[in-house]
Amino acid sequence: MNIIKHLNTIAAQFKPRFWNAGTSKTQGQILFNYRKFWFSSITVRSLVSLVPIAILFMFTYVLENKAIRNENHLHTIRLTSNTRRTLTYFFEERLDALKFIVQEEKFESLNNQKSLLYILRNLQRGFGGIIDLGLINDSGLQTNYAGPFDLKNKDYSNQRWFVDCVQSGSYLSDVFLGYRNMPHMIIALKRPTPDGSFYILRATLDIKKFIQILSSLELSERSDAFLCNREGLLQTPSKYYGELLNRVNLPIPEYSNHTQVMEAVDRSGNPILIGYAYIDNSPYILMLVKRSEVIMMGWYTLRKEINWVFGISVIVTLIVVLGISTFMVNKIYDADQTRLKAMERLEGSSRLISIGRLAAGVAHEINNPLAVIGENAGLIEDIFNLKKEYSGDQQVKELIAAVLESVERCGGITKQLLEFARHFEPKIQPLHIDKIISGVLSFLGKEASYRNITIHTDIPDDFPVISSDQGSLQQIFLNLVNNAFQAMDKGGRLDILATKHMDGHVRISISDNGCGISEEDRQKIFEPFFTTRGMRGGTGLGLSITYGLVRKLKGEISVQSTIGKGTTFTVTLPIKHGGDIKDETLTG
Amino acid sequence: MKILVVDDEKKIATVLAERLRLRGFDVIPVFDGTSALMRLQEERFDGVVLDLRLPDMDGIQVLRQTREKLSDVRIVVLSGHATQQEFKTCRELGAIACFHKPAKISELAQALTDFRKKE
Chain R
1 MNIIKHLNTI AAQFKPRFWN AGTSKTQGQI LFNYRKFWFS SITVRSLVSL
51 VPIAILFMFT YVLENKAIRN ENHLHTIRLT SNTRRTLTYF FEERLDALKF
101 IVQEEKFESL NNQKSLLYIL RNLQRGFGGI IDLGLINDSG LQTNYAGPFD
151 LKNKDYSNQR WFVDCVQSGS YLSDVFLGYR NMPHMIIALK RPTPDGSFYI
201 LRATLDIKKF IQILSSLELS ERSDAFLCNR EGLLQTPSKY YGELLNRVNL
251 PIPEYSNHTQ VMEAVDRSGN PILIGYAYID NSPYILMLVK RSEVIMMGWY
301 TLRKEINWVF GISVIVTLIV VLGISTFMVN KIYDADQTRL KAMERLEGSS
351 RLISIGRLAA GVAHEINNPL AVIGENAGLI EDIFNLKKEY SGDQQVKELI
401 AAVLESVERC GGITKQLLEF ARHFEPKIQP LHIDKIISGV LSFLGKEASY
451 RNITIHTDIP DDFPVISSDQ GSLQQIFLNL VNNAFQAMDK GGRLDILATK
501 HMDGHVRISI SDNGCGISEE DRQKIFEPFF TTRGMRGGTG LGLSITYGLV
551 RKLKGEISVQ STIGKGTTFT VTLPIKHGGD IKDETLTG
Chain U
589 MKILVVDDEK KIATVLAERL RLRGFDVIPV FDGTSALMRL QEERFDGVVL
639 DLRLPDMDGI QVLRQTREKL SDVRIVVLSG HATQQEFKTC RELGAIACFH
689 KPAKISELAQ ALTDFRKKE
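Chains as they are written, first to last, in this note's numbering: chain R, 1 to 588; chain U, 589 to 707.
Check before you lean on any hint, since a few could be wrong.
Lysine-lysine pairs mimicking DSSO-like chemistry, simulated, CA-CA at most 27 Å apart [to be verified]:
| # | chain 1 | residue 1 | chain 2 | residue 2 |
| --- | --- | --- | --- | --- |
| 1 | U | K598 | R | K415 |
| 2 | U | K692 | R | K388 |
| 3 | R | K36 | R | K341 |
Stretches of chain U that chain R covers, calculated by requiring three or more beta carbons in the stretch to come under 8 Å of a beta carbon on chain R [to be verified]:
| # | segment |
| --- | --- |
| 4 | 590-600 |
| 5 | 617-631 |
| 6 | 651-658 |
Here are some chain U residues the structure puts well away from chain R; computed CB gaps all over 10 Å [to be verified]:
| # | residue |
| --- | --- |
| 7 | F613 |
| 8 | D646 |
| 9 | V661 |
| 10 | G668 |
| 11 | R679 |
| 12 | T701 |
| 13 | D702 |
Since the hints were made in silico from the structure, they are not lab data. Think of the CB as a built atom: it goes at the ideal place given N, C-alpha and C, for glycine as much as any other residue.
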């Protein structure tokens, strides 16, 4: 629960100022839905910013993926192609060597045991990888043999290689076990003799030599390189795709005279990349197999980085969008609030001006009939007082006196109304606010002690001398202090604080810690006849007169109040009184 | 003692005249500035009770013209809506006293009486 409370406190700190606009009853007026505006602003800005970022990243993603894939293909093709060249060269070199021997050596020499052994030794020294040599006559019988096995007089007439060699003139075999029961391959060359017959020179090659070539390739982890024949039987051992002379566990690619690359899946379902090449003049296919996940490792790393950059870009963009939107809506909200307040103030003051005009009009109109009533009642009173025949009628006299008293009271009210509305006769002169306030306080000092109110004044020594009207100021402060006293029935504290402002104004605030004013009353407080002390003798004109006086002195008056805590009236006055004092409330 | 009451409101002028008569004054009411000035030219008055708002001219104007021609006539101003400034001007022009309407007849009579005593 505490954590939630804590989070709420943090959230409250970041909550934009406009967030609760319109939801609180006291704020009332709302120009438009700021939250909706905020959401729309965020949505539009986010879309405008994020869509291009997303497209850019998507392009980067696709292009980078393609580039890496292409590079892998190229690399595989290059490696396969180079290996093919090496192997082709290996076979051709040995075939050419045999061709040379067949061309250069006479049949007698080849058929001689010693001589053949000598040739074998030379070949082994010169090229390596040759196990033995054999000479076979046209009926398939091996008439001479040099090598580690006892194969002289072996009959090869039924062997396929013999038949093929007789037909095509030369032969390069698959790897097979043969009589010696070990994997090997042979190269055979047919040489026709002048008598129309022929003989065949055959060499056995050790497959270790090209296993060595393949294993010398620098392959990455989980990659494999091997040879298979066109039926798919493995001609060299494979690390992952089958045993020697067994079928390879991969699809056999179609023939192509160029090195190719193809994408496939292995038996376990892993995507693989196969580089392959058919080796010229041989039954072999070179296959180079790479696991996609291994070769694409670079891509995965890059993809991760791209994702990170994308994620961070999105977050930064969103934060900026959020910040800008909040800032903007806050500014609009503040401007609206300022405008609303100005409008309220204007509305309030124009209302007071209208009321003032009305009051003055009423006072003017009522005054004459009132005077008529007064004079007539006075005449009746005179008659009753002066003529002896009526002088004994005490009851009528009292009634007349009551009428006259009421007329006098009404006269007082109309006079006050006119005061509120009328031109005063201000005299602008340099004034010391502290002297005016101390004058007002000396006047009210007794009442303060009687009411148990302590008064604190704080007026700086360097407080400026202001140009204003003494009488008006005295009345303003008298009314405000008096008003504050009324709010503190059971005693309290009155603070009078004067401050100077840079804009050429002074501000005097009068704060009490009395009962406070409700929001509803606060709005009407400067209106004539508005009083909360109706039953206790308030006329409701004091503050409206004060308001009129302050406005006439080109000042402002405002009120802040909290029920039960107190009220502060703040009077702002210009230091220099520019121009004539004009009646701002109404014309008399 | 002869008094001229000048007030645009006939009811006020006549009743005021009647009340002053009850107090021993010889009172003539008039209801506009021109009549007042004419009367003052024709007859001799000891005092004038003058309203400042008159239908044809300003009461202050009447006061000024009266004062120019008749220096010994004592004038009491009685006005419904005069400002302090107007009362001040009236006093400067020689009005003996200024009253807001409705004024107490005793005070009005007192002003005229005091003046008579002074004389």
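The hints, checked one at a time:
no.: 1; hint: U:K598 - R:K415; result: 22 Å, holds
no.: 2; hint: U:K692 - R:K388; result: 22 Å, holds
no.: 3; hint: R:K36 - R:K341; result: 23 Å, holds
no.: 4; hint: 590-600; result: holds (count 3)
no.: 5; hint: 617-631; result: violated (count 0)
no.: 6; hint: 651-658; result: violated (count 0)
no.: 7; hint: F613; result: 12 Å, holds
no.: 8; hint: D646; result: 14 Å, holds
no.: 9; hint: V661; result: 23 Å, holds
no.: 10; hint: G668; result: 4 Å, violated
no.: 11; hint: R679; result: 13 Å, holds
no.: 12; hint: T701; result: 15 Å, holds
no.: 13; hint: D702; result: 19 Å, holds
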